[in-house]
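Mind docking chain L on chain X? Use the hints.
This is what each chain is made of:
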Amino acid sequence: MDILVSLADGMLQALQPFNLGLAFLGVVVGLFVGAMPGLGSVNGVAILLPFTFVIQDISGSATSPMIFLAAIYYGAMYGGAISSITLGIPGASTAVATTFDGRPLALAGKADKALVTAAIASFIGGTVANLLFTGFAPALASIALDFGNPEVFALMLLAFATFVGLGGDDIPKTIFSICFGLVLATVGFDIISGEPRLIFFEITGFSHGIRFLVLAIGVYGIGEMLWTINAAKDNTAMTETKMSPKTILREIRAFPAAWKGTAIGSTLGFFVGILPAAGATPGSLMAYGVAKMVSRRPERFGKGEVDGVAAPESANNAASTGAMLPMMTLGIPGSPTTAVLLAGMVIWGLQPGPLLFTEQPDFVWPLIGSFYISNVIALVVNLAFIPVFLWMLRMPFTILAPLIFVLSIVGTYAAYQNMFDVWLMVLFGLGAYLLRVLDYPLAPAVLAVVLGPIAEPKLRQSLLLSDGDFSIFFTRPIAGPITVIAIILILLPLAKLLWSKARR
Amino acid sequence: MRRAEIVTAVLLGLLSIYLMWKSGEGPSWDPDSVRFANIGMIEGEGPGSGFWPFWLSLIMLISCLWTGFNWWRGKTPPSQSDQPYLSQHAKRMLLRVGGSLIVFLALIHVIGVYGAMVVFFVYYLRFLGHHSIPRTVAIAVAVPVFSFFFFDVAMRIVLPKGYLEPLFIPLYDIFL
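Keeping their order, the protein sequence lines are chains X and L.
Take the position in the first sequence, starting the count at 1, then add 42; the result is the number in this note's numbering.
At position 143 of the second sequence (counting the first as 1) the number is 135 in this note's numbering, and the numbers step up by one without a gap.
To be clear, the hints were calculated from the coordinates, so they are not data collected in a lab.
Each hint should be verified, as a subset may be incorrect.
[What the hints assert, rightly or not] Here are some of the chain L residues that sit facing chain X, going by a computed Cβ distance under 10 Å:
no. : residue
1   : -7
2   : 7
3   : 21
4   : 22
5   : 34
6   : 40
7   : 44
8   : 45
9   : 79
10  : 86
11  : 93
12  : 105
13  : 112
14  : 116
15  : 121
16  : 147
Being a predicted model, the structure only gives us computed values, none of them experimental.
Note that CB positions come from ideal geometry on N, CA and C, so glycine has one too.
Okay, chain X solo, but in the shape it has when bound:
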């Protein structure tokens, strides 16, 4: 009952005109970045994070900027489907699975059916996940209140281990990326001893540390843009799509045919989204696979089956809410986008973690309320403005790219007001591009830069407590199982390798 009262109260806060306007703006920006091939929610939130300082200045609280960024996250999940269906190119990696059946539907002259199905499935996925989030989050946060330093460090270890065990990327490169991010986070003054560390070539710019935004905007604003510019995107043709209120209503009435895919995507997506390193992309691919497996007509998947659009679209929205759960309750982000959101919370002066629910209810509940409201706004804006987004998709990349470069550079300068960070950001971006060509995953490094400053003090304080004895991570009732699971996950790829060799 308390939860419902808090939620209703939060919704009223989120419905304040300023917050409502931000949610609307965020959804529109999100739909745009999600729809543009090469841009995703993480690019949107990373590039626009410096601009949220203004929002905080105006509103005087951290809730409004967070509502804005969370709405971008939501909108992007809806937007990805637009280009997947009409161009055949996923607007973001989270919408890859949507192309499998969305594109064939569009080529068969049923783009309207695919777009409406995607929008409604996204809405249902998001709403189901919001309900699950509202139910689970306070309970998980209250359990997490009992966590001490060893437990929190064990959870961090688990987050990184999931990347290694389930990430699917090259393992040594993933480990390198995680450790590199963690080392970058140590540059500057050690908060425990006060000693300067890793001040490279005695350049004073390093003494304030390598800021998260510098790496995030470098990787997602510069590196990914270079990657997208280089990727061939000229051989695409947009499917002519005519949308009218009549066709939208017709397709809304036909939507129940996609109930099974929506149900699978909504629940599976949420739980996959909770896992660190999993998130919306594997969530949507998995939902597509399961929907095909349980379908009575699996042979129609890949040829234009509505369940094949509904399952991944509901899953990517559900997963984006799922990824918020560990971020809000444990202070551990489940995806690069939530890592940026977490960093934003720190910048706005909040301490992410279980105490948020007890100490900052004025932040938490309006935010949760805004999830529901943003979801409704996203559905309405998506259906009403599809023709506008289709028009915007025709914007040449040679206009969008320089705008994003300028936004990245000016945004970084505005955040810290020194050119050293801007140079560092561009150098990170160029380095990120060169490493990406060789399959070095960069998302773990971005996550590690956020988690590093939290993980290191927890480890050191735990070891101080145990007088340097590492068994503290194995002998405590909550930390022990989490550490063991983390170690198993780290060793999993090695075990798989040995197993496959033994079978041969």
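Below, chain L without anything else, positioned relative to chain X:
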């Protein structure tokens, strides 16, 4: 691609060794500090300041050796690839786009953010994008003007102006 894989692994391995070396440095204000004294447990203080970065850098080094081993076995896609690390197209793109970003930043020190923005947009839109002159001029003027009113006027974040600062003084008088 194959050669780039091992060259990168070696370079990143060297970077890891440098980071290990650097992590062991004591504070400059203590001339008696011994290198690597801070990477283990310190009596009554727990792990030293170099503990976390040193051991992480060691793991980085091990992962580079692992990448080298995978390269030797030819197990990763880049180590099996005969393709060049960067295609001609990619090299050209990196030079034209990446190079223009470096020039953009260098120009900020000389003619400020707004001047550099105009030059960057003209170069990118007209020469890389082959857009028409009216469209190029419209964007190259509109974005800096909007940015000035957004940052300098509305947000009171003064962006660098370089040697063009005197040109902005009348604008400051009017709007600030």
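Checked hints:
For residue -7 of chain L, the suggested interface contact is upheld, since its CB lies about 8 Å from the closest CB of chain X, less than 10 Å. Using the Cβ-Cβ criterion of 10 Å, the hint placing residue 7 of chain L at the interface with chain X is satisfied: the shortest such distance is roughly 9 Å. For residue 21 of chain L, the shortest C-beta to C-beta distance to chain X is roughly 9 Å, which falls under 10 Å, so the interface hint holds. Checking residue 22 of chain L against chain X by beta carbon gives a least distance of about 9 Å; that is within 10 Å, so the hint holds.
Evaluation of the residue 34 of chain L hint against chain X yields a held restraint, the C-beta minimum of about 9 Å falling below 10 Å. With a cut of 10 Å, the hint placing residue 40 of chain L at the interface with chain X holds, because the nearest CB-to-CB distance is about 7 Å. Below 10 Å, beta-carbon pairs count as interface contacts, and residue 44 of chain L has one with chain X at about 5 Å; its hint therefore holds. Taken as an interface hint, residue 45 of chain L checks out: its beta carbon lies about 4 Å from the nearest beta carbon of chain X, inside 10 Å.
A hinted interface residue such as residue 79 of chain L counts as satisfied when its beta carbon comes closer than 10 Å to some beta carbon of chain X; here the least separation is about 8 Å, so the hint holds. The beta carbon of residue 86 of chain L is positioned within 10 Å of a beta carbon in chain X (closest approach about 7 Å), and the interface hint is therefore held. With 10 Å as the threshold, the beta carbon of residue 93 of chain L comes within range of chain X, its nearest partner Cβ sitting at about 5 Å, so the hint holds. Restraint check, residue 105 of chain L versus chain X: the minimum CB separation of about 6 Å is within 10 Å; hint holds.
Nearest Cβ of chain X to the Cβ of residue 112 of chain L: about 7 Å, under the 10 Å cut. The hint holds. With a cut of 10 Å, the hint placing residue 116 of chain L at the interface with chain X holds, because the nearest CB-to-CB distance is about 4 Å. Among the interface hints, the one on residue 121 of chain L holds; its C-beta lies about 3 Å from the nearest C-beta in chain X, closer than the 10 Å criterion. For residue 147 of chain L, the interface hint holds, since its Cβ comes within 10 Å of a Cβ in chain X; the closest pair sits about 5 Å apart.
When the structure is compared with the earlier hints, no violation turns up for any of them.
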